[in-house]
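**Q** Protein chains in written order, with this note's numbering: chain A, 1 to 290; chain B, 1 to 300; chain C, 1 to 545.
These aren't lab readings, by the way, just hints derived from the structure by calculation. C-beta atoms are modelled at their ideal positions from N, C-alpha and C, and glycine is treated no differently. Any given hint could turn out to be false.
As the list claims (entries may be wrong) - Per the computed footprint, the stretches of chain A lying under chain B, defined by three or more beta-carbons under 8 Å from a beta-carbon of chain B, are: (1) 83-96; (2) 185-193; (3) 204-216; (4) 246-255.
Claimed, not checked - Okay, the calculated beta carbon distance ranges per label pair: (5) A130/A x T60/B: 26 to 36 Å; (6) P327/C x A130/A: 19 to 29 Å; (7) A68/C x S207/B: 23 to 33 Å; (8) A179/C x R297/B: 28 to 38 Å.
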Amino acid sequence: MTARADVTETPETGTRHIDRAGAITAGAGRFALLLVALPGVVVVVLAIVGPWIAPHPLGATIAPPFEPPSDGHPFGTDRLGRDLWSQALYGGRGLLIVPLIATTATVFVGAAVGMTAGYLRGRVDALTLALLDLLLVLPGVLVMLVLASGWGAGPIVIVIAMVLTGSPFLARLARAATLEVSQAPFVQVSVTQGDGTFTILRRDVLPNVVGPLLADSGMRFLGALYLVAALSLLGFGPPTPETNWAVMIRENAEGAGLNVWALALPALMIALLSIAVNVVLQTVADRFAR
Amino acid sequence: MLFGVSVLLYAATAVLPGDPATRMLGQDATPENVAAMRSQLGLDRPVPVQYADWLGGVLTGDLGTATTGRPVGPLLRDRAGNSLILAGFAASLTVVIALVVGVASGLRAGRPADSALSVGALVGVSVPDFVVAGVLISLFAFTFEWFPPVSLILAGGGPLDRPSILVLPTVALAVPAGAWASRYVRAAVVDARTAPNVEAARLAGLSPQRVLLRHLLPGVIGPTAQVFAAATGFLVGGSVVVEGIFSYPGMGSLLASAVAVEDIDVILATGLVMATAVVASFLVADLAGVLSNPRLRTRP
Amino acid sequence: MNDHARDHVVQVDGLRVEDRAGRAILRDVSVSLPPGSRLGIVGESGAGKTTLALGLLGHFRPGLTRTAGAIHVAGHDVLAASARQLRAYRRSVVSYLGQDPAAALTPNMRIGAQVAELLHGDRSDDALRARFEAVGLPGDRTFRRRYPHQVSGGQLQRVAIARALAPDPAVLVLDEPTAALDLLTRGLIAEEIERQADLRSLALVMVSHDLAMVARSADELVVLRDGVVVEAGSVGAMLTRPTHAYTRELVEACDGEASRLANDRGPAGDAVLRVRGLAAGYRQGREPIPVVEDFDLDVAPGECVALIGASGAGKSTIAHCLLGLHPPGSGEVTVAGERLAPGVRQRSVAERRTIQLVPQDPLGSLNPRRRVGDTLRHALRTMRGLSRREADAEAARLLERVRLSPELLRRLPRELSGGERQRVAIARALAAEPHVLICDEVTSALDVSVEASILDLIDDLRADSGMAVLLIAHDLRVVRRIADRAVVLHDGRVREHGPVEDVLGAPRHELTRALVAADRPVGEIVRDREQRGWSSMRAPETAPL
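This is chain A alone, in the form it adopts within the complex:
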């Protein structure tokens, strides 16, 4: 960690502009956010209950390929003549559940590492920062593929890859917020009144860094969703006939001229899901910001 001098950082703390909460919804306005998030919430619900309400069984061929929408199938059929709507209803859970678990794990690991480093400062902090910077330059897809080459593309590998490549962002964020909070006079009073490190982290620091962490966790969910989808797109997806929206995009892209929904429906589902998760997390995060 000597090759790179972090010259764009604030000299005494080592924090950078990128360590700010990734408030990707900033400036959009409350009403506009609600408008784009509402359909997304419907998509989340559909992803969960989809397999129970799908009109056709998973993978069942019912008509010629790439038929446009008609009475029986509202969005037409896909490459193998399967009902697109049913396939879409089956293909949500996999993209929702694993990324949610991965995001949760990432947030916990990142927050714990970042807060500890930020509060203890000194050598612990410097060492952690060096390690985080190493991980920060490794693209998530790369790490996941390396791990998948030995252990297969299971959910656990995805979670590990996500924690390794996603938590550095959160850890840096938590560290920056902790550095700031732990300078506050009320923390000095807590120290003089004898609170230990753990008590101070729990009582004084954590409630003040939760907001930025939640705001950023929306981006981490996107990252995790991306990893799951990337695996599917690169051919390491779930075994047939299981499907997910990313698999559907890959399979049906060529038929978009015949039935535009074959591509548009899964694409729309993924987009709406990501937007909804981000807006919801940001709204919760705003409640924690003053």
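Following the hints, put chains B and C in place on chain A, whose structure we already have.
**A** Using the frame of chain A, we list chains B and C on its own:
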């Protein structure tokens, strides 16, 4: 930095289960044959020694041997070149998108134009590159037939011989990354807009162009450079997927196929090149940070 | 152009400014200033001072809109001007110096270029040199090619002044340009501004929360409160015969002598806090940098001792050493006969209870995410080992002791006013029942009327409980009000100490003299100006330094 990355990558492949010797000889190989193969491949030595050997090779230009028996170096060279060209275009477009959207919405913070741009950026961030790719293909390749749906390169040629094949992958990669980075640019502009020096420049009656170019933007570039470097990280990861979608012969597809056959040397070499690209972009960001900040550029 | 616009250099008529929620920031504000005179606008935070000052330049901060009224400056109808006309007006008629002028300079531009870009016509080397030399700066090219971080703080303030004067304005609007500076620089910069105003016969509009600051040189005075003009008139009349109750309150709060709290208690018994041979510093690499050297202090029960000094004098380091937050290099701290361990982690609960801190910033002094009751109960349980139920009852009693309603236990700090927050911070310290209370600039962010009530509270608490108070201050008004003795620090050493009346009345050390000259009570200023006559058109004031 790169040394650390190489240790990390090598360690990751070293702890993976699966034995190259067994793989090469097949499941039926006798233990004696496997042992002989292991010693021939040098796998019976301690991991740090193997690492040192590998690193020595890398430093002298020997990136190892693929399972097919061909050396990795030449295999990687063309692919890496193709990938770098694509990533370079995508990174440039990312910067342009992020600056235009970020500055435009930051300067209008709180007004309808900002709201529209911010919702647009939120949608842009939330739509992964492969979704953008799918939409672009169906629109511009199949419906309008402006650009080819796949980006094949003829033997002996390079991607620059037919620039039209680069358009769709570049856009697909740059839209989400640019939208993401634009959020940070916006935040920096919003801060700078109300900073005392910018307010003072405006109150002194300077023209809006002069306020923007001389007083506001120089203070924004340094801090956001890091964000662009991180966005490059996303691009490099995303290129693995997007290259696959467009059948573009870059490192991404090489890596994907290497993973399928557990070709460790190829995985290591591609990983190292990718990480190098990201490290390089962080270096450029640091440089931009220094050049845009007189505090770091000059002596006190 | 109407009539009075010609008579008056500044003329504001019935100005009303609202925020997005429709709340009025300024209500029916009318102000006028005859040519060749100086206007002082005084008010506490939230009074709308800055909004009015920026309005004179035709600027309203995002979210604010003017709904009624007009502003004329030197014959220009400011609020009717187009964007282009407004720029021309700002480039030629009026200049603005805001809080912390140095921050108004762009870090990425050379200081010479920042002055040159506002000059009209002649931008030659000689013209620029003259501008720099006029404000007491070196005019050579090498100096002008420096970036802001390459010149000293005091020089930076002068660059900002040169920049404001570059367009040769007729009116200079000053919005507390010296509030962020330490007392010494403050005096120098205020003087430079006045010198330039005299030299160029500038009309000045001075906005401040500090009456004393404005009282020195204004001709006309306007008192703002909650967006309304409470009282307006000539400065002499208003300072000597204020008609409105609020103005009277302001004048009294700023007048050191009148507000001196009764303080006839002598030190009662032996010192409760005893510091001997304290030395502390930090390391820069291998190099030890001393901050405080050879510091002795005795404080008796019920006594209030003020620690005075410019920023960087070592005041905070001493406080941190006493609290165990900063390990001293040598020396010993004794409270009530017990010698305290150097680090807070090595101190027992009983030792930690003896000495407590009330920190400076009213927002940073409480955890913004914990309710008042939670903060107090936690302190009571860790410090005094109370049970949950006992702590509940005791927390309510603590609030009553700092004269707050127990209903505030359920509030978050952001739901409290600045004064209330500081009272809660005091209650948190009192939870430990300390022998010594360290108050670190506790009122520096508060308005003068709130400041007075907090100081009264601290004074009563020490009288009731015999608690010793160590007051860290850079504001002499605070020291005059409650301190018994003063210790003057400079560069980490005690330069002077004794009863407050002696130290501030007949300062011996040059630093103390400078501090006293820079922070005179209003009463003194009034006497001074009565002797000279009230007109601002006079020979430059004799330098206080």
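**Q** Confirm or reject each hint.
**A** Here is what the structure says about each hint:
1. 83-96: Contact hint for the segment 83-96 of chain A vs chain B: violated, 0 residues under 8 Å.
2. 185-193: With 0 residues close enough to chain B, the hint is violated.
3. 204-216: violated (count 0)
4. 246-255: It holds, with 5 qualifying residues against the three required.
5. A130/A x T60/B: 26 to 36 Å: Holds: the Cβ-Cβ distance is about 27 Å, inside 26 to 36 Å.
6. P327/C x A130/A: 19 to 29 Å: holds (28 Å)
7. A68/C x S207/B: 23 to 33 Å: About 30 Å separates the Cβ atoms of A68/C and S207/B, which means 23 to 33 Å holds.
8. A179/C x R297/B: 28 to 38 Å: holds (32 Å)
Violated hints for the displayed structure, listed by number in ascending order: 1, 2 and 3.
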